[in-house]
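Colleague: So you can see what is in the structure, the chains are spelled out below.
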Amino acid sequence: MPGYTIRLILSAGCLIGMTWLGLTACTPAQPAAETTAIPLGDQRAIQNKGSDTLVNLALAWAEAYQQVNPNVSIAVTGGGSGTGIAALINGTVDIANSSRRMSEEEIAAARANGIEPYEIPVAIDALAVIVNRQNPVSELTIDQLSDIFTGRITNWSEVGGNDAPIVLVSRETNSGTHTYFLEQVIRKGDKNNPDIFAPQTLLMPSSVGITSEVRRNPNAIGYDGLGYVSAEEEKLIAVARDSRSPYIYPSVATGADGSYPLSRYLYMYTAGEPTGVIADYINWIRGPDGQAIVARLGFVPLPSP
Amino acid sequence: MATHADTRAHTDTKPHKGAAEQTPPAGRPFWAKWFEFLIERLIGAAGVSAILFVALIFFFLLREGIPTFLQVPLPQLFGSRWYPIEGMFGLWPLIVGSILVTAGAVIMAVPLGLITAIYLGEIAPQWQREILKPLIEVLAGIPSIVLGFLGWVALAPLVQRLGAPTGLTAFTGSLILAYMSLPTIISISEDALYAVPKEYRDGALAIGATQWQTIWRVVLPAARSGLVIAVMLGIGRAVGETMAVMMVTGNAANVPAFGLGMFFEPVRTMTATIAAEMGEVARGSLHYNVLFAIGIVLFIITFAINSLAGRLVGGQASRRKRGQL
Numbered sequence: 000m001p002g003y004t005i006r007l008i009l010s011a012g013c014l015i016g017m018t019w020l021g022l023t024a025c026t027p028a029q030p031a032a033e034t035t036a037i038p039l040g041d042q043r044a045i046q047n048k049g050s051d052t053l054v055n056l057a058l059a060w061a062e063a064y065q066q067v068n069p070n071v072s073i074a075v076t077g078g079g080s081g082t083g084i085a086a087l088i089n090g091t092v093d094i095a096n097s098s099r100r101m102s103e104e105e106i107a108a109a110r111a112n113g114i115e116p117y118e119i120p121v122a123i124d125a126l127a128v129i130v131n132r133q134n135p136v137s138e139l140t141i142d143q144l145s146d147i148f149t150g151r152i153t154n155w156s157e158v159g160g161n162d163a164p165i166v167l168v169s170r171e172t173n174s175g176t177h178t179y180f181l182e183q184v185i186r187k188g189d190k191n192n193p194d195i196f197a198p199q200t201l202l203m204p205s206s207v208g209i210t211s212e213v214r215r216n217p218n219a220i221g222y223d224g225l226g227y228v229s230a231e232e233e234k235l236i237a238v239a240r241d242s243r244s245p246y247i248y249p250s251v252a253t254g255a256d257g258s259y260p261l262s263r264y265l266y267m268y269t270a271g272e273p274t275g276v277i278a279d280y281i282n283w284i285r286g287p288d289g290q291a292i293v294a295r296l297g298f299v300p301l302p303s304p
Numbered sequence: 000m001a002t003h004a005d006t007r008a009h010t011d012t013k014p015h016k017g018a019a020e021q022t023p024p025a026g027r028p029f030w031a032k033w034f035e036f037l038i039e040r041l042i043g044a045a046g047v048s049a050i051l052f053v054a055l056i057f058f059f060l061l062r063e064g065i066p067t068f069l070q071v072p073l074p075q076l077f078g079s080r081w082y083p084i085e086g087m088f089g090l091w092p093l094i095v096g097s098i099l100v101t102a103g104a105v106i107m108a109v110p111l112g113l114i115t116a117i118y119l120g121e122i123a124p125q126w127q128r129e130i131l132k133p134l135i136e137v138l139a140g141i142p143s144i145v146l147g148f149l150g151w152v153a154l155a156p157l158v159q160r161l162g163a164p165t166g167l168t169a170f171t172g173s174l175i176l177a178y179m180s181l182p183t184i185i186s187i188s189e190d191a192l193y194a195v196p197k198e199y200r201d202g203a204l205a206i207g208a209t210q211w212q213t214i215w216r217v218v219l220p221a222a223r224s225g226l227v228i229a230v231m232l233g234i235g236r237a238v239g240e241t242m243a244v245m246m247v248t249g250n251a252a253n254v255p256a257f258g259l260g261m262f263f264e265p266v267r268t269m270t271a272t273i274a275a276e277m278g279e280v281a282r283g284s285l286h287y288n289v290l291f292a293i294g295i296v297l298f299i300i301t302f303a304i305n306s307l308a309g310r311l312v313g314g315q316a317s318r319r320k321r322g323q324l
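Protein chains in written order, with numbering that gives the first Met the number 0: chain Y, 0 to 304; chain F, 0 to 324.
Honestly, I wouldn't trust all of these hints.
Derived list of chain Y stretches under chain F, where covered just means 3 residues or more per stretch with a C-beta under 8 angstroms from a C-beta of chain F [claimed, not checked]:
1) 85-96
2) 165-178
3) 196-204
4) 210-220
These aren't lab readings, by the way, just hints derived from the structure by calculation.
The C-beta atom is built at its ideal place from N, Cα and C for all residues, glycine as well.
Excised from the complex, chain Y in its bound form (with noise of 0.2 angstroms):
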């Protein structure tokens, strides 16, 4: 039956390629971004899970204390801000990771639980808002932004630019960013404004989706944490506090001394006040060789004591 053969042919190729496909896609050509565990050491495990901004430097700061201390296994995890505040709400990490503080709901509901959450800044981010490379506009103050954002102004050309549509582009409502961008940005900062996002703003799943998603459409803005953005593949806008005030480019130097208004602390919380193998692993961030890792990876590391 030469039908029969053909089809045999056609199939066992088919399965090879996708053999080859697999085994070439497990590769491991780079450490996976969204969740990798540790190698299990027969001593204590952490959990710690959260920021999307967060994971990459969580990543790091675990790879480095492997070295500090083999007995200790550390498991992170992303997902965004109040993903890792549930988990610790509902008990399931040592240490969330959040690009914002917790809000009061938040610690009514850990409170609930029988958990008081123990706040600790572990890193310094400074907000960049970026828009495409062939983007002539390269100021806005927070002002403009925040009406960019709410959709009150939806043309480029009414803040300097070309004449085209604005592309908004954001994080999941999860994501700390979102909520960082919300309150300082959009609300300039005001608990009574009621402002929020337009509607047609992109909802992005990763900060990697919003840096794709700008470096292609001429017309979009978003904002990603510091650490996420480069100056090559984007273009990087300066921002003022007000239109009397300097316009303020985002650098590790701009966030360290503060002149760039949209710095902000990034936060690990834990169960109580940290004890043990936990503390020791805080302390090892906070100190000289934990913010070495943060500088290095692009974030503003925390004033010296």
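Knowing the structure of chain Y, use the given hints to seat chain F on it.
Modeller: Quick look at chain F alone, frame taken from chain Y:
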């Protein structure tokens, strides 16, 4: 699937049951009767367990979702703004998003799938069929996340070049979903065409019908119930798909203005909303309940599609019984 059960009900073989309980013929081992009893009960239990599982799922959905309808006033629930961290729970943009993406997929996939099935079943020579059928089966085996990735990397920039402000639109999602439901639609409709007796075609050709007339007037009507099932299963796959859609539709909870342009705007589907937000909610919070309420809405939509399919197929079957076809 309920529709399958409906069609089979008409050819049920209940009258045989009495015959099986007569005295066994000589030569059958003594335990055969007990074995028969055991197997029958086992099969019965398996059948009942399916019902039980569906009932349990529905009960769980209701239990977790009902508080929504007590706590969020209905006008707000059908409002046009979805922003859960500020307590805005308008489901309307999510429903519109799901409908837009699915409708676009159906418009593209159903004609293409049916035409492909007709070509495969009625027109293509044997050797082409031997090549095409396995390839379509391979298409069905591609994981949805891989298609989503392809859509994100390759399709979205193409859609943007069509003139949309961004490549992440309802249309991009529809393209991916159409691609995904095509294999389902093709293989099931091809089976339905295959099931049409050869005598029907012979008869039509014998009275002088052309091949097209035979296909359009005889084969397609005869295969109608199977074709409806194929389309409905395709739609079912499109409505429920999550990850691929989440990657390419932009996830903006936006109600596009009515018109052809609405397909070229970003939307947020119900499934993507549940997937994106389930991880962040605290158990038992209002947001958690609202996500389950979205699950209820999805459940109702799929249920409506299934019962519609059941009615269409049922009407067909009863007409055939009356000898009108």
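Colleague: Determine for every hint whether it applies to the structure shown.
Modeller: Tested hints:
1. 85-96: Coverage by chain F holds here, the residue count being 3 at a Cβ distance below 8 angstroms.
2. 165-178: Check passed, 5 qualifying residues.
3. 196-204: holds (count 8)
4. 210-220: With 5 residues closer than 8 angstroms to chain F, the region 210-220 of chain Y meets the three-residue bar; holds.
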